[in-house]
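S.K.: The chain contents come next:
6 protein chains.
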Amino acid sequence: DEEDYESEIPRIDLGISGLDNMIQGGIPERHLMVSIGSPGTGKTTFGLQFLHHGLQQGESAVFITLEQSREAILDTANERGWKFDRYEREDQLAIVDLDPVEMANSLDNIRGELPVLIREFDAERLVLDSVSLLEMMYDDQSKRRTEVFDFTRSLKEAGVTTMLTSEADDENPYTSRHGIIEYLTDAVFVLQYVRGDASETRLAVEIQKIRNANHSRATKPYEITLDGIDVYEQASIF
Amino acid sequence: DEEDYESEIPRIDLGISGLDNMIQGGIPERHLMVSIGSPGTGKTTFGLQFLHHGLQQGESAVFITLEQSREAILDTANERGWKFDRYEREDQLAIVDLDPVEMANSLDNIRGELPVLIREFDAERLVLDSVSLLEMMYDDQSKRRTEVFDFTRSLKEAGVTTMLTSEADDENPYTSRHGIIEYLTDAVFVLQYVRGDASETRLAVEIQKIRNANHSRATKPYEITLDGIDVYEQASIF
Amino acid sequence: DEEDYESEIPRIDLGISGLDNMIQGGIPERHLMVSIGSPGTGKTTFGLQFLHHGLQQGESAVFITLEQSREAILDTANERGWKFDRYEREDQLAIVDLDPVEMANSLDNIRGELPVLIREFDAERLVLDSVSLLEMMYDDQSKRRTEVFDFTRSLKEAGVTTMLTSEADDENPYTSRHGIIEYLTDAVFVLQYVRGDASETRLAVEIQKIRNANHSRATKPYEITLDGIDVYEQASIF
Amino acid sequence: DEEDYESEIPRIDLGISGLDNMIQGGIPERHLMVSIGSPGTGKTTFGLQFLHHGLQQGESAVFITLEQSREAILDTANERGWKFDRYEREDQLAIVDLDPVEMANSLDNIRGELPVLIREFDAERLVLDSVSLLEMMYDDQSKRRTEVFDFTRSLKEAGVTTMLTSEADDENPYTSRHGIIEYLTDAVFVLQYVRGDASETRLAVEIQKIRNANHSRATKPYEITLDGIDVYEQASIF
Amino acid sequence: DEEDYESEIPRIDLGISGLDNMIQGGIPERHLMVSIGSPGTGKTTFGLQFLHHGLQQGESAVFITLEQSREAILDTANERGWKFDRYEREDQLAIVDLDPVEMANSLDNIRGELPVLIREFDAERLVLDSVSLLEMMYDDQSKRRTEVFDFTRSLKEAGVTTMLTSEADDENPYTSRHGIIEYLTDAVFVLQYVRGDASETRLAVEIQKIRNANHSRATKPYEITLDGIDVYEQASIF
Amino acid sequence: DEEDYESEIPRIDLGISGLDNMIQGGIPERHLMVSIGSPGTGKTTFGLQFLHHGLQQGESAVFITLEQSREAILDTANERGWKFDRYEREDQLAIVDLDPVEMANSLDNIRGELPVLIREFDAERLVLDSVSLLEMMYDDQSKRRTEVFDFTRSLKEAGVTTMLTSEADDENPYTSRHGIIEYLTDAVFVLQYVRGDASETRLAVEIQKIRNANHSRATKPYEITLDGIDVYEQASIF
Ligand SMILES: Nc1ncnc2c1ncn2[C@@H]1O[C@H](COP(=O)(O)OP(=O)(O)O)[C@@H](O)[C@H]1O
Ligand SMILES: Nc1ncnc2c1ncn2[C@@H]1O[C@H](COP(=O)(O)OP(=O)(O)O)[C@@H](O)[C@H]1O
Ligand SMILES: Nc1ncnc2c1ncn2[C@@H]1O[C@H](COP(=O)(O)OP(=O)(O)O)[C@@H](O)[C@H]1O
Ligand SMILES: Nc1ncnc2c1ncn2[C@@H]1O[C@H](COP(=O)(O)OP(=O)(O)O)[C@@H](O)[C@H]1O
Ligand SMILES: Nc1ncnc2c1ncn2[C@@H]1O[C@H](COP(=O)(O)OP(=O)(O)O)[C@@H](O)[C@H]1O
Ligand SMILES: Nc1ncnc2c1ncn2[C@@H]1O[C@H](COP(=O)(O)OP(=O)(O)O)[C@@H](O)[C@H]1O
Ligand SMILES: [Mg+2]
Ligand SMILES: [Mg+2]
Ligand SMILES: [Mg+2]
Ligand SMILES: [Mg+2]
Ligand SMILES: [Mg+2]
Ligand SMILES: [Mg+2]
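Chains as they are written, first to last, in my numbering: chain A, 13 to 250; chain B, 13 to 250; chain C, 13 to 250; chain D, 13 to 250; chain E, 13 to 250; chain F, 13 to 250.
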């Protein structure tokens, strides 16, 4: 019966306490996750905080950005008091800024090299910010799908727990911009703006899916502060 | 008159008791069914549970996944206490993970080999998770249609009761992503999120169609637990 | 004045009494009709019942299916106690299952042969289930239109009363999937799901158009039972 | 001042008294008009009645149908007690059924011949049922526009008062299917279904535009009876 | 401070008094304006009235129509008691009807000749009715944009105050049909139908933009009468 | 802890006091910003005012317009009492009007020359009005993305604080017309029309995103007056 059951799957914490409390037992290790949201909903912050949590515990990590420069990422982390420059100097962290055009053109190679990098670096957490910018580079739909499919497969095989960020669809906050990635991932977090009667726009997060995990299905308010993302799992958005 | 009538069609249970209670007499054997739903609505769980029910009764079964690895499927089943590894060892179950790109490219062959496999294996239940990933591989609409049409036809002819899973349309939960499969199948189950006034997202299932069966047309709440899908046919979603 | 007027057009009954009551005088003979609906709304049942009504009166009939096998159609009719196998043996009924791909490729021939078949068979009622599957086979819009246009014209000229079934548009239940057939037919029946406040989905039918006939414009509830389609022309859907 | 003003433009009646009452002074002669509506809203009936009104007054008329056969049009008119067969025999009326495919292919010729026919026949009223079927024959948008544009221009120059019928857009009843014709015509009538709280679908007409005419902007209910279209300009649709 | 400020930009009146009252100081001379509206909202009337106001003050003017014949425009103006035929005879007004197909094909030339015509004619007001018909002639989006862009630039350089008319988008009355022209113009007037609870459709105008002018942002009702457009800037549409 | 924290990022003011008050500490220097809005929402005014604020403090600035002529920009600024002509004469300001067609064709060069110009000119603020007109010049989606991506990257590297203006999507005011630029920028301002029950259209601004800044998430009313944009951060839009 359910009481006696003990999951055998090793699990980790995201590092956002309010959100971690909503997930029973934690995220299964090596899951491929995606955070979907509009600009400014905190996707990059989420990714940085996810890495910072691992780094603090002595894990190694990789941050791949297609949107900003390495320096901008360091600035943001440092501004928050997360010592990403120190982690980088001590070879615990690699921040890589890739040109999405080049990445798209050499995805074959990257698919080969990334697992090597991850293994050599012994990285336990990886962030790719954002997968939408990679997807955008393909005009041909089936090409995009097969490339993204193969890329996510190689990430899964590399044995790292990964957080992708993705732009949201213009009309449906629960859908990614290109509508593929949520089907290829093990976990989906939906970050969205709530514009109600009040003139203040609020932020809310919903865990849409985590394979092999029992999680809350509530939509919870959160804020982005200097300290990162703060989910109020006791509060109610409506 | 209707009272005296006795259906001559052999029927089976899905293995989800709440849902089976909503179908008078059961699902006609050899039906081709589809479960339509967004990510995390439990399509894969539905498929696994459908097979597990048959396996428990000594039937043989095939699970074809285009989305996950064989190992991931085994993990999920084992986590739930469904002994898929044992069934596999005892040749009662075959779990096949196919690359959707390759599957699309060699669908002609697969169409030929699958019925052979099913017959040799004497499989009575089959799951394909998901047909959307196969459909996605074709850019050309008419090509997609004819391929999917021919594929479903070969499944029907193979004499197995089949559950396909399909992504839902972004805007209409009653429509599959590519809008074809619901017209080619004998039974359609719609799994959807219900986001009402409450801040908790709920899950609800509706039987949209079962050829040659009298079924409830109610939309019923369900939950996904460690034990699988639990449909509350006594409760009301609204 | 209207009182004295007597229509000179010969008319027939559909065979669904609730619906026939909504049509003054009946359907003009040789009309080309279409039933538009989502999966499971009962289009195929409507078609079978329409034929059965004619068969019972000694008429000959043809059922062309692009979606199911001949056997599946016979099973469905037999399950309902409609002796389609007997009618077929006695050469009063022809059930033809066509592959839509082949039908599309040889539509020229079919257009030529169908009227011959109808005449030789002396068929008074014909069903094509469904015209959408035929339409789907053409990617090129103008090709689709001209083919469908020519095909419906040949049906009209063949001198048979015809019921086509058509999938509904995803967003507008009053529109067919490809948006052509409702303009080429003499009569349009709209079958739709009504999902209101109650958690039970209901079925409703509206007669949108019958050339040269005075008909009710009400939307009426119906049910599909073992006996076929039952329209409650006294009840109200709202 | 406005009181003394007397329009110098010769005007005619449509022949639908309720509608004519909504137009001050009548329709300017030689106007190119369009009736936009879904299937069954009475576009063909409107066109027939418009011609019948002229025929009764001794005018000559032409009815071009792309949708039905000459015989079907005669049947409909005769059923209503409008003696179209007599008018045809007495050379006051020409009913022409054209194949839209052929019409599209030889539109250049038709554009040349139509004015000749109109002049020889001395036709004062013309109906084309429907312009949408002609528009459908062109896949290339700019080709469609220029062809339709040139065709309407030749009709305007032919010196006949013309009523075109057009299918409505699926989503917007005030827009024609291809969205061009309402901009090329002098007058636009919108026929639409009103599906409100009541379960009875009603019909309503609005005059959207008549160049050089002062007209009501009310939406008025109408019915189609054996006698044709009956607009209740005293009643209210809401 | 604002009180002492005196605009140095020369300004003109449109000639629709209600609307002119909503604009502080008037329209800056040489502005390129656009009126966006559905068929029958009075765009052509607006343009004619705009010219008539200038003509009455002794200015010269040009009216280019792509939709109607020169004669039809004269008829409409004459019907209203605006002596366009006299102005034309006295060389104060030029009415030019262009075939949109030809205009699109020779836009290069026209772009060269129009400024010459304007200068020789010393035209102070110009109307082009409608820019949408010109835009429609291009299938290729970027071609359309660059052509329209270059054309509007040549109009701006010609030193004339111009009113373009444009069809509205089917779904959004604030957007032009092709969605470009409102971004290339100095002033945007939105003419729209208001279909509320009442069964009478009303007309309403909003000034969306006038560069370098302070204007009301209210939506005001207007009517089209024999005397032209009448804006009720004291009334309220809701 | 947060109290002691002092941001090390140098920051600037926009020059719109109400808006600046909504941003804690100011905009990080060298940010790439975008203002999204429909025609007439004040995007150009925003850009001019942003430059004027810097010019008043002795900074150098560049204004690139793709929509208007250099003269028109000078007129608008002068009308407002902002001495752009003087700043230009004194080589503190460069106003450049580019033909979007030419800009698109020579974007490679411009990408090279712009940083040089910025450095030589020592510009601290730059406005590009509007990026949508540049984006419009590319029909090919992936071409557009890579061009815009490379262009924004070169702006970021040039070390100038930049404000882009962008047209809004027709249906979603929070989305730019082409849906890319909001993902490539560090800050997003949404300018929109609020059309409520009242017949007066109002203007409202929301700060959707500023990387590395704590900002209000309220939607605040603003007006455009002769003095520029005035945000009422104390008032409420609803
Ligand atoms: N120091 C801070 N204090 C408060 N909020 C901040 C701070 N820094 C950034 N933010 C907020 O975070 C948002 C950016 O988050 P980010 O993770 O970059 O979003 P995304 O990646 O989804 O576009 C900013 O728009 C701002 O609202
Ligand atoms: N042990 C568990 N306890 C409770 N819920 C679970 C458990 N495992 C999985 N789930 C739920 O099942 C969902 C995944 O179901 P799945 O069948 O994979 O959905 P789909 O195939 O439709 O994407 C998870 O998002 C989670 O909500
Ligand atoms: N014996 C039966 N008793 C009651 N309902 C039935 C029976 N057989 C079929 N149905 C109903 O009819 C539906 C199928 O109707 P069908 O005519 O095949 O629909 P369509 O052709 O529109 O997809 C089933 O989904 C079921 O709801
Ligand atoms: N004799 C009649 N009595 C009452 N209504 C009729 C009669 N004949 C036709 N109708 C009505 O007219 C409709 C068809 O009108 P029609 O002019 O052909 O429409 P459209 O051309 O817009 O498709 C039918 O659907 C029916 O409702
Ligand atoms: N003499 C008139 N009296 C009242 N209204 C008129 C008169 N002439 C035209 N109209 C109105 O003007 C409308 C046509 O205006 P028009 O400027 O041609 O519109 P648009 O160019 O936007 O299509 C007609 O539909 C009618 O409602
Ligand atoms: N002197 C002024 N007084 C008041 N409002 C003005 C003045 N000048 C311009 N405006 C307003 O500013 C608007 C134009 O702003 P602009 O910045 O050009 O908008 P955008 O660039 O978004 O199209 C005009 O439509 C008008 O409403
Ligand atoms: Mg980000
Ligand atoms: Mg799944
Ligand atoms: Mg069917
Ligand atoms: Mg018709
Ligand atoms: Mg006009
Ligand atoms: Mg601007």
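Any given hint could turn out to be false.
As the list claims (entries may be wrong) - Pairs of lysine-lysine, BS3-like flavour, derived with a Cα cap of 27 Å:
| no. | chain 1 | residue 1 | chain 2 | residue 2 |
| --- | --- | --- | --- | --- |
| 1 | F | Lys95 | A | Lys155 |
| 2 | C | Lys155 | C | Lys168 |
| 3 | C | Lys168 | D | Lys95 |
| 4 | D | Lys155 | E | Lys95 |
| 5 | A | Lys168 | B | Lys155 |
| 6 | F | Lys155 | F | Lys168 |
| 7 | A | Lys95 | F | Lys95 |
| 8 | E | Lys155 | F | Lys168 |
| 9 | F | Lys168 | E | Lys168 |
| 10 | C | Lys168 | B | Lys168 |
| 11 | B | Lys168 | B | Lys155 |
| 12 | D | Lys155 | C | Lys155 |
| 13 | B | Lys155 | C | Lys168 |
| 14 | B | Lys155 | A | Lys155 |
| 15 | D | Lys168 | E | Lys155 |
As the list claims (entries may be wrong) - Over the 10 Å line for every Cβ pair with chain A, so calculated as not near, a few chain B residues:
| no. | residue |
| --- | --- |
| 16 | Gly124 |
| 17 | Phe133 |
| 18 | Leu145 |
| 19 | His227 |
| 20 | Arg229 |
| 21 | Leu238 |
What the hints assert, rightly or not - To spell it out: a stretch of chain B is covered by chain C in this simulated footprint if at least three of its residues, at any positions, have a beta carbon under 8 Å from a beta carbon of chain C; those stretches are:
| no. | segment |
| --- | --- |
| 22 | 28 to 38 |
| 23 | 81 to 94 |
| 24 | 104 to 116 |
In case anyone wonders, no lab produced these hints; they're calculated from the structure. Given the structure is predicted, the values throughout are model-derived calculations rather than measurements. Every residue, glycine too, gets a C-beta built ideally from N, C-alpha and C.
S.K.: Give a verdict on every hint.
M.R.: To see whether the hints hold, each was checked on the structure:
As the CA atoms of F/Lys95 and A/Lys155 are separated by approximately 53 Å, the hinted pair breaks the 27 Å bound. Taking the CA atoms of C/Lys155 and C/Lys168, the gap is near 20 Å; set against the 27 Å cutoff, the hint holds. Straight-line distance between C-alpha atoms of C/Lys168 and D/Lys95 comes to about 24 Å, which keeps the hinted pair within the 27 Å bound. About 38 Å separates the Cα atoms of D/Lys155 and E/Lys95, which puts this hinted pair outside 27 Å; it is violated.
Straight-line distance between C-alpha atoms of A/Lys168 and B/Lys155 comes to about 31 Å, which puts the hinted pair past the 27 Å bound. As the CA atoms of F/Lys155 and F/Lys168 are separated by approximately 20 Å, the hinted pair is consistent with the 27 Å bound. Of the pairs offered as hints, the one joining A/Lys95 and F/Lys95 is violated, with about 46 Å between alpha carbons and a cut-off of 27 Å exceeded. In summary, the hint linking E/Lys155 to F/Lys168 is not supported, as the alpha carbons are separated by about 31 Å, beyond the 27 Å threshold.
Between F/Lys168 and E/Lys168 the alpha-carbon distance is near 34 Å, which puts this suggested pair outside the 27 Å criterion. Under the criterion of a C-alpha separation no larger than 27 Å, the hint pairing C/Lys168 with B/Lys168 is inconsistent with the structure, at around 34 Å. Distance check on the hinted pair: B/Lys168 and B/Lys155 sit about 20 Å apart at the alpha-carbon level, within 27 Å; holds. Between the alpha carbons of D/Lys155 and C/Lys155 the distance comes to roughly 16 Å, so the proposed pair stays at or under 27 Å and holds.
About 31 Å separates the Cα atoms of B/Lys155 and C/Lys168, which puts this hinted pair outside 27 Å; it is violated. Proposed proximity of B/Lys155 and A/Lys155 is supported: the alpha carbons are some 16 Å apart, at most 27 Å. Restraint check for D/Lys168 and E/Lys155: not satisfied, since their Cα atoms lie roughly 31 Å apart, outside the 27 Å limit. Separation of B/Gly124 from chain A is adequate, the least Cβ-Cβ distance of about 24 Å exceeding the 10 Å criterion.
Its beta-carbon lying about 27 Å from the closest one in chain A, B/Phe133 satisfies the requirement of being farther than 10 Å from that chain. The Cβ of B/Leu145 does not lie farther than 10 Å from every Cβ of chain A; its closest approach is about 7 Å, which violates its non-interface assignment. B/His227, annotated as away from the interface, keeps every beta carbon of chain A farther than 10 Å; the closest lies near 27 Å. Distance check for B/Arg229 against chain A: the nearest CB is about 25 Å away, which clears 10 Å, and the non-interface claim stands.
With 10 Å as the threshold on Cβ separation, the claim that B/Leu238 sits away from chain A is violated: the shortest Cβ distance comes to roughly 6 Å. Proximity of the segment 28 to 38 of chain B to chain C, defined as three or more residues with a beta carbon under 8 Å from a beta carbon of that chain, is not established by the 0 residues found. Counting residues of the segment 81 to 94 of chain B whose CB lies closer than 8 Å to any CB of chain C gives 0, which falls below the minimum of 3, so the coverage claim is violated. Here's how the segment 104 to 116 of chain B fares: 0 of its residues keep a CB closer than 8 Å to some CB of chain C, so the rule of at least three is not met and the hint is violated.
The structure does not agree with the numbered hints 1, 4, 5, 7, 8, 9, 10, 13, 15, 18, 21, 22, 23 and 24 stated previously, though it agrees with the rest.
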